[in-house]
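Undergrad: As a plain string of letters, each chain reads:
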Amino acid sequence: MALFEARDIQIHYQTSKGIVHALNGISFDVDKGEAFGIVGESGSGKTSLALGLLRLLPRNVEHYAGSLGLGGEDIMNLPENEFRMKIRWKKISMVFQGAMNSLNPVMRVGNQITEPLREGKVPKKDAHDRAVRMLELVGLSGDIFARYPHELSGGMKQRVVIAMALVQDPQLIILDEPTSALDVSIQAQIMNLLKRLKWEKKLSMIFITHDIALASDICDRLGVIYAGEMVETGSLEDVLQRPKHPYTQALLASTPRLHGETKPSFIPGIPPSLIAMPDGCKFRERCPYAFEPCDKTVPVFATSKNQKVQCWLYGDIHG
Amino acid sequence: MSTSNRDLAKEFLSTGSGKLGTALFIMLLAISVFVIATYPLDFGTRIWSNPKVWEDNPKAVPPIWINAFDDFARAEHRVFVLTEPSSARVLGGGMELIYSFGFDYTADEFPSFLSFTINEVRYFQDPPFVTLSMVRPDNTEVIIYRELVTGPRQDEVLPIIRYKDSPKRVNLGGASLVETNVARFLEDILMRDVSTREVEGKIEEILLGSIAAGEQLESLEVLKGEYLMRVRFVTFDQRDSTEGVKFVLGGSVFGLMGTDIIGRDLMVGLLYGFPVALGIGIITAVLTTTIGTIGGIVSGYVGGKTDTALQRTSDILSNIPLLPLLIFLIFILGPRLWLVVVVLIIFGWPGLTIIVRSMVLQLRSGQSVEAARALGASRSRIMSKHLFPQIAPFIFAQMVFTVPGAILAEAGLSFLGLGDPSIPTWGQLLQSGFTSGAVYIGLWWWVLPPGLLIVLTAMIFVFLALGVEPVINPKLRRVA
Amino acid sequence: MTLVKTLAMRGLTLFGALIAVLVLAVVVLGATGFSDNLLNAIVSEELRGLRQSLAQNFRDPVELENVISLRREELRVFYGLDTPWYFRLPAMVLRVLTLDLGEARTLRSFAGSNRVIDLVLERLPNTILLLTSATVITSIIGLYVGVKLATQVGSKAERGSSYLSAFSYALPAWWMGVLMIIVFAFQFRLLPSGGMFSAPPPEGPLARFLDVLWHAILPVTTLVIVSVGSWIFTVRTMVLNTSQEDFVTVARAKGIPENKVMNRHIIRVAAPPIVTFLILGFAGSLGGAILTETVFAWPGMGRLFYDAILTGEESVIIALTFMFTLIYVIARFILEVLYVLLDPRVRY
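Chains as they are written, first to last, in this note's numbering: chain A, 156 to 474; chain B, 46 to 525; chain C, 214 to 561.
No lab work stands behind these hints, which were simulated from the structure alone.
Don't take every hint at face value.
To be verified - DSSO-like mimics (lysine-lysine), calculated; alpha carbons at most 30 Å apart, straight line:
no.: 1; chain 1: A; residue 1: K246; chain 2: C; residue 2: K473
no.: 2; chain 1: B; residue 1: K64; chain 2: A; residue 2: K172
no.: 3; chain 1: B; residue 1: K97; chain 2: B; residue 2: K64
no.: 4; chain 1: C; residue 1: K218; chain 2: B; residue 2: K350
no.: 5; chain 1: B; residue 1: K55; chain 2: A; residue 2: K172
What the hints assert, rightly or not - From the structure, some residues in chain A lie toward chain C, with a derived Cβ separation under 10 Å:
no.: 6; residue: L206
no.: 7; residue: R210
no.: 8; residue: E228
no.: 9; residue: N232
no.: 10; residue: N236
no.: 11; residue: M240
no.: 12; residue: Q252
no.: 13; residue: N256
no.: 14; residue: P260
no.: 15; residue: M262
no.: 16; residue: V277
no.: 17; residue: P278
no.: 18; residue: A320
no.: 19; residue: S340
no.: 20; residue: F421
no.: 21; residue: I422
We put the CB at the ideal spot given by N, CA and C, even for glycine.
My request is simple: use the sequences and hints to build the entire structure.
TA: Right, dumping it as structure tokens:
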């Protein structure tokens, strides 16, 4: 049984222009020690998913449904207070997009790391020691504890944020674009750190990014999101080598490669508005293979043991 | 990304406060234009501060419309101006000119005063003789007043002109001749001796009161009904002429806004305040933002010593509490409105300069500015064509926001008695109300309206600024 | 060390502002001839005293006049009246700095002294009392309501707060005071219309204290009403802006309870900009205090300002201009220190 199961997650927002269907039934599993990558372009609903998993959605959420299981326990229906005390950070923690803004500017970074421990009545001394250990684990000196965020570089802040996410030994850690605001060289350092942590601490991760190449660096399995739907999931190898969904194919074709003949191409058209959502495949307007059944709601077809795709092109295989 | 200014204007008008502010602003403007078009330029000195003009108005009375709030009918103010005689006939060697008029008296109280004014009189021989008499609703007749026009001085050239520049005004309630006449009138009705002492201070009550034999003079009832007034000129030469007479029934309510303690029609003063307040606010705001913006752009773009000097100056000037210094300067240099505006500008621009500078510092490394520089645009061109347009909407909001500050500062200063006496403002109206104790005896019509107008005018501009702000600063837009 | 440097820089700027006001005042006084009149008045005052004390010793009036005119010349040189005003500038600045401005013509202190310094210093505590109590009450209400509104985004009260702020900004303290007097002192006769003590003042310290409190209700309420609206709005806006920051979401993700998120991650972070607003608003409240004291005949420096304007006491006006600037500068410096303590970012 998977460590984490998300089934049919739906998130809709109420805005002045109408209801935004940010997520429309997304399902995936994360096994213990596994890194599951969620890849999609901006606006595809990745961050909503991350916030939804921790119940941190903004006020204007109009509809949030689906089921979430962690270690066999249903966490979707936990009362708010219990969810806060038992799940947040203890079992699922998160590294947010943009470390620059993830730290409180007027609080010493050490206190920000120990804050959840202190909330759980861990003695000050123990909490301090644990924070220092975490800082050292992410490659920082323990002296950082008493510093303020503005005294640290971007890379250091990102490490602090990772240390903060690890402080309670969570079962699952969500990383939302953990390197997007960093220089390329720092980005590589952080990726190496994450890989080391994953290996050393057997971390289970949900790695959210728009960069499929970056995801391929650390993930075991990938899910591709388009317009609020998970159009394809599969092992890293399957998705990268044998992409099934036309969107995945187009996404991979648009990624520049170091070796190889092909020039990167671009995907024509723009993603559909999330407000007036048509039935059927959301990609069909831009899809070179679009054909008659595409305007009907698409089920998920399994193309192999590990690979699933939401596209009518593969309908016959299942049927 | 860039939205045109027209789009911004449209967006501004779509906000609630923008709409409200614009509508009220147009109203302010319309009133101001009306006042500028109809008031004389020297209104302050020649009319407002001249007690002669307001002589015939009741003092410190509330507006007419308070009559609507209860059943008691307060005496309205009535003025009768007669320029042409109702009848003229030859009498002996001269003329008899009669001015007659009437009024229906319905108020529940006596008039606050009665006044009679004789305008210019010309005569060629002996001075004419004037009589004012009244026929009351009960058909009794009173001769109220007699006047022999002042006689000629030695060697005075004919025709002799009297009461030309200062018409002869008689406050009937306080004239001893009237007291004598009224006492005689009473004697006829009451059938007893009446001394002038008895009627002193009660002239209005007796003349318009219902009096029967045996009546006490202490508590007279108003005699309602038609009164007929007659002014009779008897001249001794047919060439003699008069410019007419004026008779006033002093009310205890007056006009739409009441009067102050010297009888000034507050409506007139309040209206005059509109263009003045608007002028102070807009002139100060435009000049302050112009100087502040130029200072900020120059400081931010030119940099170096200019920058340091401008910033040090701004830092110091913006750290000075305005009102105490304003009081000091106006006290020493004299209460002149333009001086107030100048001081407000001098201490107003630095704040804006500091903000504009920081905006320019961000913009100067921006692409459009870099590109213009690469193309060889001159410094002044970059500042005026590339930097200024980008900050213009923000500047506009600041300008709108400066207006109420200036209006309130002037009002505060006027309230402390440092207002420009030649230009009456709302603040001065309030100040005169405050110093004459209107606050403590409840003359609300004197102190409430000017304050309300100040608040309202200032608020219109704050609303405009509030409407402008979210248009300019998307960060402030309400998250849905 | 840089902390000290930051504060020193701020202190220097504020001191610069103080000196700028003084120099401006002295130049204006000099150029308009006020300074000559002022010093001449001081000289003749001293001579009058001298004449009185010498009158007993000198029988001969001519001899007395000689001594007096000799002394007059001495004094004129001493005060620099023999030179144009711009040479006296530094000395004059110093005189104002020490409030050595001679004597008032008609105004008297409560104790009967006519020395300007006595007049001003006697009023100082009353002004401070009014100003601080109004500021403290305003801050508490503003913080409480502002934070409350920020947690109710979209509610009627929250939307209305911008209008409340506009109203409050546009409302002059003095007019508000006039309204308060009309309503509470004149119409309902609930509270005294002005002054600081009843006449005669009650016996005993507690009774006197309560009496002052009783008289302070209207002026303090007036000051609070005219400034609390923009306070509430500012606090609301700052708190709202901060609550949309990422680190607030992070704090929630960490499982921190909502009240601690509010205190530690929102209010604490929004505190420095709120203090900035307090700094900027202080000048306004100073002006408001001058006018409020005037309206309520509160025997502070503001009312003295008004009385001095009415009686044309230039030396008192100069002293008060300086004192108000001084109070402002000191208060601002305190707030700057507070800001530096609150925001670690400016400390280094």
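Undergrad: Each hint needs a verdict: does it hold in this structure or not?
TA: Hints, one by one, checked against the model:
1. K246/A x K473/C: 21 Å, holds
2. K64/B x K172/A: 22 Å, holds
3. K97/B x K64/B: Outside the cut-off at roughly 44 Å; violated.
4. K218/C x K350/B: Given that 30 Å is the threshold and the Cα spacing comes to 22 Å, the pair holds.
5. K55/B x K172/A: The given pair, whose Cα atoms are some 18 Å apart, holds under the 30 Å limit.
6. L206: 7 Å, holds
7. R210: 9 Å, holds
8. E228: 17 Å, violated
9. N232: 18 Å, violated
10. N236: 9 Å, holds
11. M240: 6 Å, holds
12. Q252: Holds: closest Cβ of chain C sits about 8 Å from Q252/A, inside 10 Å.
13. N256: Constraint on N256/A satisfied, holds at 4 Å.
14. P260: With Cβ-Cβ at 6 Å, under 10 Å, it holds.
15. M262: With a closest approach of 7 Å, the M262/A hint holds.
16. V277: Violated, because the Cβ-Cβ distance from V277/A to chain C comes to roughly 13 Å (cut-off 10 Å).
17. P278: Check failed: Cβ of P278/A comes no nearer than 18 Å to chain C, outside 10 Å.
18. A320: 9 Å, holds
19. S340: 24 Å, violated
20. F421: 31 Å, violated
21. I422: 30 Å, violated
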